[in-house]
Amino acid sequence: MASSTVSRTHPPRPAGRPAARPARRVRRHLPTSPWLFAAPGLLVTAVFVLYPFVSTVIDAFTDRRTLVPGHFVGLANFRELLHDDMFWTGLRNSVLYVAGTVPALVVLPLLLALLVRKNIPGITFFRSAFYTPVVASIVVVGLIWVWLLDERGLVNSLLQTIGVGRIGFLSDQWLLLVSAMAVTVWKGLGYYMIIYLAALAGVPRELHEAAAVDGAGAVRRFLTVTVPAVRSTMILVAALSSVAAFKVFSEVYLMAGPDGGPAGEDTTLVMLVQRTGTGLTGRVGYASAISLVVFAVTVILMLLVLRADRREDV
Amino acid sequence: MPMSRRTLAALALAALVLPLSACGSGGDGGGSGDASGKVEGDITFQTWNLRANYKDYFEDLIADFEKKYPGTHVKWVDQPAEGYADKISADAAAGTLPDVVNVSPDLLAPLAKAGLATDLDKAAAQYEKEYLPGAWDGQRIPGLPGTYAFPWYLNTGPMFYNKELFEKAGLDPDKPPTTYDALFADALQMAKKSKGKVATLGNVPTIEDFGRYGASLMNKDGTAFTFNDAKGVELLTKYKQLYDAKALDPQALTATPESTGKKFLTGAVAMNPGSALDLENFKKQAPSLYKNIGITDQITNTGHVNMYVMGLMVNAGTKHTPAAIAFAHFVTDAENQMAFAKKVAIFPSTAGSLDDPYFTKEDGTDVTRVRVAAAKSLKTAVNYTPVLFSDQMKTALRNEVAKALQGKESPKAALDNAVKACDRLLKQQG
Amino acid sequence: MSLTENTPRTGRPATPARRLRFTDEHGRRIRTWELLLRYVLLLAVLALTVGPFLWQLSTSLKGPTEDIFSSPPAFLPSHPTLHNYARVADTIPVWDYALNSLKVAAANVVTNCTGSALAGYALARLRYRGRRAATLVFVLAMLVPAESIIIAQFTTMRELGLNNTLVGVVLPGSVAAMNVLLMRNAFLNLPYEIEEAAYVDGANAWQRFLRIALPSVKGTLAVVAIFAFMGAWDDFLWPLIVLSDPSKFTLTIGLNYLHGTFADDERLVAAGTIISVAPLIVLFACLQRYFFRGVGEGAVKG
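Top to bottom, those sequences are chains A, B and C. Under the numbering used here, the residues of the first sequence are numbered 84 to 397, in order. Under the numbering used here, the residues of the second sequence are numbered 18 to 447, in order. Under the numbering used here, the residues of the third sequence are numbered 3 to 304, in order.
Hint data in this document are derived by calculation from the structure and do not stem from the laboratory. Some hints could be false.
Straight-line C-alpha distance at most 25 angstroms; calculated SDA-like pairs for lysine to any residue [claimed, not checked]:
1) B:K92 / C:A287
2) B:K263 / A:G340
3) B:K84 / B:G100
4) B:K425 / A:L165
5) B:K411 / A:G157
6) B:K336 / B:Y325
Here the structure is a predicted model, which is why all the values come from computation and not from measurement.
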């Protein structure tokens, strides 16, 4: 990134000080002060995220249960995973969730951003309105959609009125998963729209004008000018949305119920973590092992995307 | 993002330093607090989703107790229905359980095993005779000596049915089914006559259904599940037939008690289990349905209906054992349970209370009729839910039942799998 | 302020769009049919995003005698009533819970803005050993699945003696990793020159941060503030686990009470959801100007 090259050379070194080590020459504070700045954040993160997470990592190799301290069992939990049908169901659904939501969340918000970027009257209202689903809590969103997609809810009433007939959105294994994905996309539209708006603000207008002069149509301009210009942002959106999709919990939990739909067929990995690991009879060790798998996959997803980004961004 | 060696070193260091006290919590040995001593001190009392409707009752109750025992102070906390098990397990793991806790037997079992519940046979044996023997026994845990909670309220529900739908299907609206065989026959006829539009049942069979059908649920020592016996397989096979004929609601696999309740209200399901509480609800929400509602006993092949027992557990780690025991007893004594029963459609677990005219005398109203019938059936009722049947086991059973109904597995294979899964979970509970 | 809008990629300041209202951001006139098409599309998306909330509002205003299941659906209540809201207020102490939510959310805004601005500044602007490691800590923290560490968090909280306090509700999320990274990004995007003069004048890190860097990232700070407020207001499981005392409950827990007790009464649940979501929408409507400016600064860019 351009700014970081700049930052490395500025500000100039204080007079009279040898530039023995790069780290020292830009200091004009007590040596401890950067750590003082970062201290509150690091402390909170270390105590409430990393420390619990490290204990999760350790638990993954034990048979710990909610009320019973565990013993080291080596890789037994991971071996059990391989033979646990529910684990594979969860993995399948989490992967499907990524495949189902990420393309929509990469493309649709971009189109939406193009729609609201022009300063036509009332556009600030539309921008804010499109952001409302992001503001509402997932519990509220879940309640609203369960009511909308209910067998006797608004959507089915409308379908009935136009003669399609009622559809069991919330009872079929696949329709449930698709409905949950639709809610994820619905709630994410505004959020990613904003990210694209920010990126589009940085696209030089000369590019567009040149294309327009060439007589390129809207679709071609979109593909040849807009998409390349916001490519790194699209990759970022893909990264954020795929990590979120792989960790999906609330949408499916709220719509398919704690069991994860008929015969548990809609269970996602994080739902499985919650179901196996919580409650008084929770198998903390086994659930921790599943958590580790989730964590590993998200790290890999993130690394893949960052690598793609690096290739673009040099 | 490449990791520098320094970063790795820092992380490794963090991994070494941080987890020193990661594990280890839970109970330190079985509690058998001493109930003798002065009743005094501050205690906390936790209920389960009762504040919304019965705030006044509990506030009066606590005031009475504090008046009776000067020097005590009771703090009442009520938790929402959702997340109750999470809340209790977080508190149990961290040692912050309230002094007196409202628990169902399945919550009680792990707590007692972890030594977090006071053994009342040691600490409060003198009160045993005040309760129905079945209710007191219901607070014992297989594999553990002792009784771990005061029995609180009992609940059982009648079966509601839609007379109009029965009549339309050519069934006698005054002779609802009482056994499973009659139920299955009626349900198939209902589905056939309504061309699959009206289902008779909205829920998949639960462990209690297996019990009432006559399957044996567990072996005598409580060390293994047995509901995959001939009776169990027969029940599930019958349900599969119902499901295929749409006599069991097609959405039963994802049903919740609320969603089935709604279906019953709207006439999509003809029979639904419920409690006397629901009657008021019907009156308000679906006045047209109310006229057509029939009330009958729970379907059972064994002659015994199912009942649920709520208990009040005394935390083994309480600092004020005498006060906590006195309070738990106070809440569950005959007088206060009776007062509570008159506010809610529940039934006292104290000996003799069910003979009160309130539970025996009809006055012509439906509410009373349901109450009297339920009180009568409670005298022989059984708590079919095995105490050791955890949430994870319920999920395992539900999932296997769903697979059998969908035809992905034979009923026998599904139940074998469910029993295997439950046995494994049971062993892991230790 | 002009400095803040100058990200490396923006060529020049925005075209003055105010003079000619019907122009796009490049100053070209928009054709009428295109304008019309745009409004049609905008309204369609509006129906999709806001419609569900309005339906919920409509349901909450319908009286007990009105059929809420009818087909074709009745979009407007025929006899609008606030009865359902009154019933919600009878069931749970809405005002107390809202006040608790407000306290938690406000505290979360303060701690997140302060903590993540400080940490973000340290990560972006100060040179020291271990900076990369510190950054990595925040990145990793973002990837940890929250559901798997909640019990461990609670145990820690109890060891600190902060369970059943509102402080305990706020602490774990008080400096969210995501916000730290957002602030880091905002500071990275500031041209280095603006601090240079102060540096030459002998200002120390704290003075540079407070007087120069911070005022330049106000927009991002607004974004962090909104995220922090939303996050705290909307959270359910953590407050439920950490709080025992009903007098300390937050509005989301109250909403769950409603749902647990009156699950089959759609009107009441709808009223509850409206009560919990309305303050956020109002807040956002008030702050959206700052929010979108923050977005312009590249706060959420990556």
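Now the hints, each set against the structure:
Between B:K92 and C:A287 the alpha-carbon distance is near 41 angstroms, which puts this suggested pair outside the 25 angstroms criterion. A threshold of 25 angstroms between alpha carbons decides the hint, and for B:K263 with A:G340 the separation of about 22 angstroms falls inside it, so the pair holds. For the proposed pair B:K84 and B:G100, the alpha carbon gap of about 33 angstroms is over 25 angstroms, so the pair is violated. Only pairs whose Cα atoms come within 25 angstroms are accepted, and B:K425 paired with A:L165 is accepted, the gap being roughly 21 angstroms.
This hinted pair does not check out: B:K411 and A:G157 have alpha carbons roughly 29 angstroms apart, beyond 25 angstroms. With a C-alpha separation of about 30 angstroms, the suggested pairing of B:K336 with B:Y325 is violated against the 25 angstroms cut-off.
Violated hints, in rising order: 1, 3, 5 and 6; the structure is consistent with all others.
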